[in-house]
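Once you've looked at the hints, dock chain B with the ligands against the given chain C.
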Amino acid sequence: MKNFAEILNKSFPDGMNPVLVKEFRQTLNGRTLAGSFIGLVLISILFCFLDLQISPVGRGTGFSALYCFIYWFMLILPAAGCFSRWYVERGQDCLTPEYTTTLSPFTILNGKLFSVLISSLILFLTGLPAFLFLCGRWDYSVLLLFLLAFAFFLATVMLLCLLCLSPERRKVSTGSLPGLTLLGLLFWFVGFQFLGFFCNPAREGAFDMAIQADVLLFSFAVQCYFWCYARLLPEQANRMVLPRISGLILCLLLVALSGVCRLDSGLVLCCYGTVNVLIASFERLEQTKRSCAELPGNPFLRQIVLFFSSGACRGLFYGIVFLAAGILLLFFTDASTGKWGDISWNGRFAACLDWYNPYVAFCLYLVFYAELLLVLRRWNPRWKPLVLLLIICGFLSLPSMLCLFAGGGEGIFFLFSPLSIAFGEKSLAIPALLCAAVLLVIVIQNVSVAFFRKVFAPRKGE
Amino acid sequence: MRIRVEDLTKRFGSNVALDKVTFEVPSGSVYGFVGPNGAGKTTAIRIMAGLEGPDSGTVLYDDLSAVEYPEKARRFVGFMPDTLADSKDIRVWEYLDFFARACGLAGKEKEKALIRAGELTNLDNLSGRFLCELSKGMKQQVSLARILLHEPSVLLLDEPAAGLDPRARAELRESLRSLAADGRTMLISSHILAELEDLVDGVVIIEKGKISACGELSEIRNRSASGECRALLTFSSDAASFAGKVEALCPGKSVKVHSPRQLLLILDSEEEYFSAMAKIFQAGLPVTALSRPDCGLEGVFMEKTKGEVQ
Ligand SMILES: Nc1ncnc2c1ncn2[C@@H]1O[C@H](COP(=O)(O)OP(=O)(O)OP(=O)(O)O)[C@@H](O)[C@H]1O
Ligand SMILES: [Mg+2]
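Protein chains in written order, with my numbering: chain C, 1 to 462; chain B, 1 to 310.
The following block holds chain C by itself, in its conformation from the complex:
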């Protein structure tokens, strides 16, 4: 084993991605990959052997499910090893040397990402024969389930990249720990989904759910990739352009896809639209000297870049919080009772569809609140976005409450409340609202800060 590692070590050509070479060498020097490889081989042999011993009658899905469960967790081990290493390295400020080289953000990101994917792929191939043997029928649903697992894996890897790869120092424990805890919990959640899936022979509802989740997770992974990229770029450049453009393209792709497969385009649109516009509205919008210099000359292109230009990552945070809250609400509420906590599988799925309309409405309202906030922040950049958002939300929810007390779905209050979208005509309202939000961003981007201050706040001292 050792000689093998050494031969591999010397044989990386010069043209290869340096980060990939380094990470791979570290993986080879470490014990995680070799350990999990040997472990998986032993477990596979053991399971196959036991399976042959048990009489055909006794063989059940439970047995294969257990193997699946173990397999899934083994796949994650080398990735977890890499991330714990990066996490520690970042804490010790050891990542900084990498950022002071002339490596491009894409090189760093791809190197790290592929080093994780390659080691997981090795393990995946190792366990595949036993998996096929034990699960026997390679039907559509099993494939789908694996896709789900893979999409989830990708999304997680990207999210972890995001957490581990920022060059700022002394921000390790505060930002990353809750995120890592959440991810750990999610892993368990998906693991148990596996078990549930195999133990439920009918597999009702799970199919549609898997497609929805798959598509969302895959696209989330793609988005995360670009967010990571943006974090590695200097703040002065137009660093958010790529992530936002990719977000928009994904949005459109998903809508197109929804026509082909059984995808709920409304849900997708609402999630992506909200996240992207939210991000756009929370960020610092002042242009730096460099970002102005890098704007394209063509006025049309210029508008596009301006729309998607520079900022910080706060928006991402809020966007994810809102989305997560909404999705949790969707998942854990029973349709028939409308109560939190009843988590029967079918009930949950039905609830998704039931709760989806109000959720869309909620998201779109958030977008508008965010735009308002943007205007206020342009006026005075020191105001904190979260506090402002809460104030605005409180202020705008007044009409809803008034309209509830007034006892009707009519009248002027109703028009201004989220309820009007939730129960009114949606097919027109949703695109119209999104377009309006985009327009607002464009207008705000093109008005100079000085102008805003002059018009809204002729104060002294600033």
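Simulated from the structure, these hints should not be mistaken for laboratory data.
Check before you lean on any hint, since a few could be wrong.
[Stated by the list, open to error] Pairs of lysine to aspartate or glutamate residues, derived as EDC-like cross-links and limited to a Cα-Cα distance of at most 20 Å, are as follows:
#	chain 1	residue 1	chain 2	residue 2
1	C	Lys289	B	Glu151
2	C	Lys289	B	Glu6
3	B	Lys88	C	Asp93
4	B	Lys88	C	Glu89
5	B	Lys72	B	Glu151
6	B	Lys72	C	Glu294
7	B	Lys72	C	Glu235
8	B	Lys112	C	Glu294
[Unchecked claim] Quick list of the computed label-pair ranges, beta carbon to beta carbon:
#	chain 1	residue 1	chain 2	residue 2	range
9	B	Ser291	C	Phe114	55 to 61 Å
10	C	Gly15	B	Asp198	41 to 47 Å
11	B	Lys72	C	Gly39	44 to 50 Å
12	C	Leu301	B	Phe130	47 to 53 Å
13	C	Gly39	B	Thr9	50 to 56 Å
14	B	Arg116	C	Leu295	58 to 64 Å
15	B	Gly107	C	Gly297	39 to 45 Å
16	C	Ile118	B	Phe130	20 to 26 Å
17	B	Glu24	C	Ser104	29 to 35 Å
18	C	Gln303	B	Arg75	31 to 37 Å
19	B	Glu24	C	Gly39	55 to 61 Å
20	C	Ser84	B	Thr9	32 to 38 Å
Built from N, CA and C at the ideal position, the CB exists for glycine as well.
For chain B with the ligands alone, kept in the frame of chain C given last:
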């Protein structure tokens, strides 16, 4: 390459780490960057290396702004952080090989660069060992070798000598001196002022995020010169017993017992200092060491800072 820092301001919440910091390091000279703990040295150096953005202000290398274009500045800046090179599961040669590749070196050129950096920092016998197994001093050497790979014309070193033993420090100083001789511009932050003393051409003194003095050593010294001249004499045995003799040799001058083995002699001018020393040595007093606390970097530092930690 000249370094100019202009009006650099950086806040962490309500804490102002850097407050309109302005200084200049002329091309080809070595400057010390000193100040009490928490003064903002690391923050300033990280901004200069393009790792963090300031709230306002710029850093100029000749005419290139490192704040606007950090990726361009990285091509000729070597930055050594105050933390040690400490990655898991990687050998020294693998680590250096990575940075050589990252600087775009390949083939023969890469090998040459690796050998040259290794020679400058005495790394020959360490290359096969794992990075995390090395001692502090060795890790520091590896860090230094790393930043030399792309032959930067500006070196930013954040506390390179922290935690090193005297021998390792002497070796580091030798490496730094040979680098300085190559005409690189260097900014070295350090708490060990005696280390910097014979290495630097000038200093930048920072306190609580503000520059309190900056320029060539002699210049700063002259600016603050009061004419008074202090000499600290260390004896091999009890100093108090020699106080009378010293007083007799330098009549009318103040002689204080500074510590059990040290006497502090306060003279009026430089000329008096030389004649007094000549007398003391001619009299055959057992002086084992002689220092001028008000004169070196330490004197300047003590005078310019108030000793408050932020
Ligand atoms: N990431 C950060 N978050 C919050 N505060 C910070 C951060 N980095 C630095 N500071 C604060 O900025 C000030 C300057 O810190 P810095 O590390 O630059 O000091 P220093 O001069 O390098 O000190 P030392 O000599 O101890 O290394 C300190 O008050 C510190 O608390
Ligand atoms: Mg420091």
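Here is how each hint holds up against the structure:
no., hint, result
1, C:Lys289 / B:Glu151, "30 Å, violated"
2, C:Lys289 / B:Glu6, "16 Å, holds"
3, B:Lys88 / C:Asp93, "13 Å, holds"
4, B:Lys88 / C:Glu89, "8 Å, holds"
5, B:Lys72 / B:Glu151, "15 Å, holds"
6, B:Lys72 / C:Glu294, "15 Å, holds"
7, B:Lys72 / C:Glu235, "14 Å, holds"
8, B:Lys112 / C:Glu294, "38 Å, violated"
9, B:Ser291 / C:Phe114: 55 to 61 Å, "58 Å, holds"
10, C:Gly15 / B:Asp198: 41 to 47 Å, "45 Å, holds"
11, B:Lys72 / C:Gly39: 44 to 50 Å, "47 Å, holds"
12, C:Leu301 / B:Phe130: 47 to 53 Å, "51 Å, holds"
13, C:Gly39 / B:Thr9: 50 to 56 Å, "54 Å, holds"
14, B:Arg116 / C:Leu295: 58 to 64 Å, "43 Å, violated"
15, B:Gly107 / C:Gly297: 39 to 45 Å, "41 Å, holds"
16, C:Ile118 / B:Phe130: 20 to 26 Å, "22 Å, holds"
17, B:Glu24 / C:Ser104: 29 to 35 Å, "31 Å, holds"
18, C:Gln303 / B:Arg75: 31 to 37 Å, "33 Å, holds"
19, B:Glu24 / C:Gly39: 55 to 61 Å, "60 Å, holds"
20, C:Ser84 / B:Thr9: 32 to 38 Å, "36 Å, holds"
Hint compliance for this structure: hints 1, 8 and 14 are broken, all remaining hints hold.
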